[in-house]
Amino acid sequence: MSIGSDTIYDDTIENAIKGIEASLEKDYIISKRALSLLLLQEDEDSLEEIKEREKENYLKIISIVEETKNKYERPLTFVISSYRQKYAKTLTDNVMVKTETNKKSFSETLDKIMLNPITGVPIALLVLYFGLYKFVGQFGAGVIVDFLEGNIFEAYINPWINNILNDYVSWEWLRTLIGGDYGIITLGIRYAIAIVLPIVGTFFFVFSIIEDSGYLPRLAMLVDRLFKKIGLNGRAVIPMVLGFGCDTMATMVSRTLETERERIISTLLLALAIPCSAQLGVILSLLSGEPKALLVWLIFIVVVFLFIGYLAAKVLPGEEPLFYMEMPPLRLPKLSNVLVKTYTRMEWYFAEVLPLFILISVFIWFGNIIGIFSVLVNIFRPFVTAIGLPEEVSEIFLFGFFRRDYGAAGLFDLVKGGILSARQLVVASATLTLFVPCVAQFVMMIKERGLKTAIYIAAFVFVFSFFAGYALNWILITTGALV
Amino acid sequence: MKSFNDVETLNNNESIIDEKVLERKEAEKIVLVGTPNVGKSVLFNRLTKSYVTVSNYPGTTVEVSRGKGIIGNKEYEIIDTPGMYSFMCITEEEKVTKRLLFKEKPDAVIHVIDAKNLERMLPLTFQLIESELPVLLVLNIMDEARRLGLKIDVRKLEEKLGIPVISTTAALNEGIDTLKERIDKYVNRV
Numbered sequence: 001m002s003i004g005s006d007t008i009y010d011d012t013i014e015n016a017i018k019g020i021e022a023s024l025e026k027d028y029i030i031s032k033r034a035l036s037l038l039l040l041q042e043d044e045d046s047l048e049e050i051k052e053r054e055k056e057n058y059l060k061i062i063s064i065v066e067e068t069k070n071k072y073e074r075p076l077t078f079v080i081s082s083y084r085q086k087y088a089k090t091l092t093d094n095v096m097v098k099t100e101t102n103k104k105s106f107s108e109t110l111d112k113i114m115l116n117p118i119t120g121v122p123i124a125l126l127v128l129y130f131g132l133y134k135f136v137g138q139f140g141a142g143v144i145v146d147f148l149e150g151n152i153f154e155a156y157i158n159p160w161i162n163n164i165l166n167d168y169v170s171w172e173w174l175r176t177l178i179g180g181d182y183g184i185i186t187l188g189i190r191y192a193i194a195i196v197l198p199i200v201g202t203f204f205f206v207f208s209i210i211e212d213s214g215y216l217p218r219l220a221m222l223v224d225r226l227f228k229k230i231g232l233n234g235r236a237v238i239p240m241v242l243g244f245g246c247d248t249m250a251t252m253v254s255r256t257l258e259t260e261r262e263r264i265i266s267t268l269l270l271a272l273a274i275p276c277s278a279q280l281g282v283i284l285s286l287l288s289g290e291p292k293a294l295l296v297w298l299i300f301i302v303v304v305f306l307f308i309g310y311l312a313a314k315v316l317p318g319e320e321p322l323f324y325m326e327m328p329p330l331r332l333p334k335l336s337n338v339l340v341k342t343y344t345r346m347e348w349y350f351a352e353v354l355p356l357f358i359l360i361s362v363f364i365w366f367g368n369i370i371g372i373f374s375v376l377v378n379i380f381r382p383f384v385t386a387i388g389l390p391e392e393v394s395e396i397f398l399f400g401f402f403r404r405d406y407g408a409a410g411l412f413d414l415v416k417g418g419i420l421s422a423r424q425l426v427v428a429s430a431t432l433t434l435f436v437p438c439v440a441q442f443v444m445m446i447k448e449r450g451l452k453t454a455i456y457i458a459a460f461v462f463v464f465s466f467f468a469g470y471a472l473n474w475i476l477i478t479t480g481a482l483v
Numbered sequence: 001m002k003s004f005n006d007v008e009t010l011n012n013n014e015s016i017i018d019e020k021v022l023e024r025k026e027a028e029k030i031v032l033v034g035t036p037n038v039g040k041s042v043l044f045n046r047l048t049k050s051y052v053t054v055s056n057y058p059g060t061t062v063e064v065s066r067g068k069g070i071i072g073n074k075e076y077e078i079i080d081t082p083g084m085y086s087f088m089c090i091t092e093e094e095k096v097t098k099r100l101l102f103k104e105k106p107d108a109v110i111h112v113i114d115a116k117n118l119e120r121m122l123p124l125t126f127q128l129i130e131s132e133l134p135v136l137l138v139l140n141i142m143d144e145a146r147r148l149g150l151k152i153d154v155r156k157l158e159e160k161l162g163i164p165v166i167s168t169t170a171a172l173n174e175g176i177d178t179l180k181e182r183i184d185k186y187v188n189r190v
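Residue numbers (the numbering used here), protein chains in the order written: chain A, 1 to 483; chain B, 1 to 190.
Next up, chain B with everything else stripped away, as it sits in the complex:
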């Protein structure tokens, strides 16, 4: 709940604090997490101006990449992480991601999943919600899900989970604007 409180105090005191002081504060952090090969890196490239290697096999990202991106009218630090299946880590890269989540106090955690495999990927969403991290769920690769004839009731899922849920096809730039709007609203909620 810590990060939540930080945001609140910040908003309450906004009028008192000189704006320059606010600017000097570290950029707010958005972390992308999810199992391997769900499109975290594509999304990272969409949200920032930088480029990280993207491919169609699990485990391309073995290191954390950081980039700057503008969402709404604020600049954020956006962090791409190696894939993670669960908080109970097996491989080294998973541990990297877990430590980052637990230490960096992100202002938003975007859990990216492959919409086709919703059922298999939800358990990590549960773990993120249980941890009370500020999580948003992104159902990515929607084009392939549609092609398989899958229909997902995003509103209902949002209601059930109690967190924002957004559907995207990052590779085709679908849903990215909506995602940015929702992130902006979510991070700046009071």
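Isolated chain A, as found in the complex:
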């Protein structure tokens, strides 16, 4: 059967199809004709299935495929799809007419500006500056967090909870489980609602607008050449940008990349050098008071990202992937879709985060009681002091393993206490940005890349982050750039 009354392929291929069809004895869900075409193109799944089910006829089929292959210079996949394209063209010409519209649209002009590197790079920087820095960093992590933290939790909820506990609960263990420094409500829920919620919410809002506008694929085209140097291509822009929201989600999305090599490189870079929105928001608001510190942190992370990507591309064998992506039109985002999407993403995130935050509070509480916590902190201590940081930072690194944002949020508390100098703040933020992925991300890494790769990546990240922190501290002291 061909499409309608027309035949698409030439006689050689049609004869090959007939030959293979005749040799297929079993029943298949798709038609024998379609299966024959897949076999001619040496589709792996189909070959495997035939080998298993057709036994004797398998060799006969293979010989027809080989014979047909030899009659063409180009691979059969190419030949077959060009026949299909040719027929698609005939058909389209037959049913579609284009009436000339001479409006040169605004979006076409905008498109050109975005894709031209000279104008495109400044636009990308502006989008990042306003979207990430201004809106997420200053508004989300600054204004909203300050309000929820200072005006709601510290003014009302925490004192209220602690008073109730002091008045009515006589067991010390229950008081510290719920309130105090590491309590479920005073730490776990406060971090989740007052610090993480506004940051993640503002990020997802900006991200939804950017993705609905169709800007992301244009950004992908723009950075394609740079990304090729680090073994990726423009396609990887999506997981990378999404990583600024949630690295766990981004690690999952990295499966859209074409080769295993790209998937491994992007998983590594996400685990190492892409801070998630909660972490980024806290760090941006911490460093925004010190423009120089912010700049040092930014340069450091970009250098690490490119350097490790470059090395990974050298170490991992594989071909450079070709870049091919549908270019959707630029569209004005619909507010309702943006809001619904922000809401569903936050819902997903919260279902994931809140139980973990509570669990971590409980774990820390439990660890405090039996003393494991201080043992672990002691393990971190020499590393932390080696990179020039005060001892108190050790416990933040421990938090950071549970969730990246949790660690960064802890840093927030320390800075308010005024124990860190500008240099120490940069070194701590930078090391913490690189430091091991959070538990959720690690679990996703295992799910997507396998246990072995996930462990290798995590071990590398652990060692590398302290080395890099050490180097950064040394550079800052020697050059006297920050004290």
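What the hints contain is simulated information worked out from the structure, not anything from laboratory work. All C-beta atoms, glycine included, are put in the ideal place defined by N, C-alpha and C. One thing to keep in mind: the hints can contain errors.
[Said to hold, decoys possible] Partner residues aside, some chain A positions facing chain B, computed with beta carbon under 7 Å: (1) I30; (2) A34; (3) T90; (4) L91; (5) T92; (6) V95; (7) M96; (8) V97; (9) K98; (10) T99; (11) E260; (12) R261; (13) P328.
[Unchecked claim] Some residues of chain B that are not near chain A, with every Cβ distance over 12 Å (derived): (14) G69; (15) N73; (16) K151; (17) D184.
[What the hints assert, rightly or not] Cβ pair distances, simulated, as ranges: (18) N70(A) x R147(B): 25 to 31 Å; (19) R147(B) x L125(A): 27 to 33 Å; (20) D143(B) x L376(A): 55 to 61 Å; (21) R66(B) x D181(A): 44 to 50 Å; (22) E108(A) x V64(B): 34 to 40 Å; (23) G418(A) x R147(B): 54 to 60 Å; (24) N188(B) x E347(A): 33 to 39 Å; (25) S63(A) x R147(B): 51 to 57 Å; (26) N117(B) x G318(A): 27 to 33 Å; (27) F462(A) x G149(B): 55 to 61 Å; (28) F147(A) x R147(B): 40 to 46 Å; (29) R99(B) x Y133(A): 40 to 46 Å; (30) N117(B) x L125(A): 30 to 36 Å; (31) E48(A) x R66(B): 23 to 29 Å.
The hints should help you fit chain B onto chain A, whose structure is shown.
Just chain B now, kept in the frame of chain A:
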């Protein structure tokens, strides 16, 4: 041709079989396929009561989503799939879609395409027709095609391909009722 036969036997024996037995049979399946970023997920949201994330970049859907939707007076299982360019798969998500198509015996396959790029997207329609899957073609994003001054003779295309062709703008809820009617008629044809 298998699924075709199933439907036939079912219809022939309808009077003999107790209706309760029929109800217990698994819901009929409708699968949405197509290249990335043509609006499969928007259409999925229109046909079901559930919500999947929709965006304007290719590859948002990396997993299969399933939802229930009522078309005509029957409940169907509607399946949204990651984008696929061709049966010769390159990426993991494409393979997911292909395996699903080949294993689930869908009662209808809706190939969703971007009307603006009719020519580029037809080859997958050909492959679906060649496979003798019960396919319907949906020309989506018609509003943008019209704005570009493109006119498509849907009747003629239907005749040439020998399958139902429906034009829609899912984002604006245009053509959805017609689509539902055609699906209903197509799945319950004898």
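Hint by hint, here is what the structure shows:
no. : hint                          : in the structure
1   : I30                           : holds, 4 Å
2   : A34                           : holds, 4 Å
3   : T90                           : violated, 10 Å
4   : L91                           : holds, 6 Å
5   : T92                           : holds, 4 Å
6   : V95                           : holds, 5 Å
7   : M96                           : holds, 5 Å
8   : V97                           : holds, 5 Å
9   : K98                           : holds, 6 Å
10  : T99                           : holds, 4 Å
11  : E260                          : violated, 9 Å
12  : R261                          : violated, 13 Å
13  : P328                          : holds, 5 Å
14  : G69                           : holds, 18 Å
15  : N73                           : holds, 28 Å
16  : K151                          : violated, 5 Å
17  : D184                          : holds, 24 Å
18  : N70(A) x R147(B): 25 to 31 Å  : violated, 49 Å
19  : R147(B) x L125(A): 27 to 33 Å : holds, 31 Å
20  : D143(B) x L376(A): 55 to 61 Å : holds, 59 Å
21  : R66(B) x D181(A): 44 to 50 Å  : holds, 46 Å
22  : E108(A) x V64(B): 34 to 40 Å  : holds, 36 Å
23  : G418(A) x R147(B): 54 to 60 Å : holds, 59 Å
24  : N188(B) x E347(A): 33 to 39 Å : holds, 37 Å
25  : S63(A) x R147(B): 51 to 57 Å  : holds, 53 Å
26  : N117(B) x G318(A): 27 to 33 Å : holds, 31 Å
27  : F462(A) x G149(B): 55 to 61 Å : holds, 58 Å
28  : F147(A) x R147(B): 40 to 46 Å : holds, 44 Å
29  : R99(B) x Y133(A): 40 to 46 Å  : holds, 44 Å
30  : N117(B) x L125(A): 30 to 36 Å : holds, 32 Å
31  : E48(A) x R66(B): 23 to 29 Å   : holds, 27 Å
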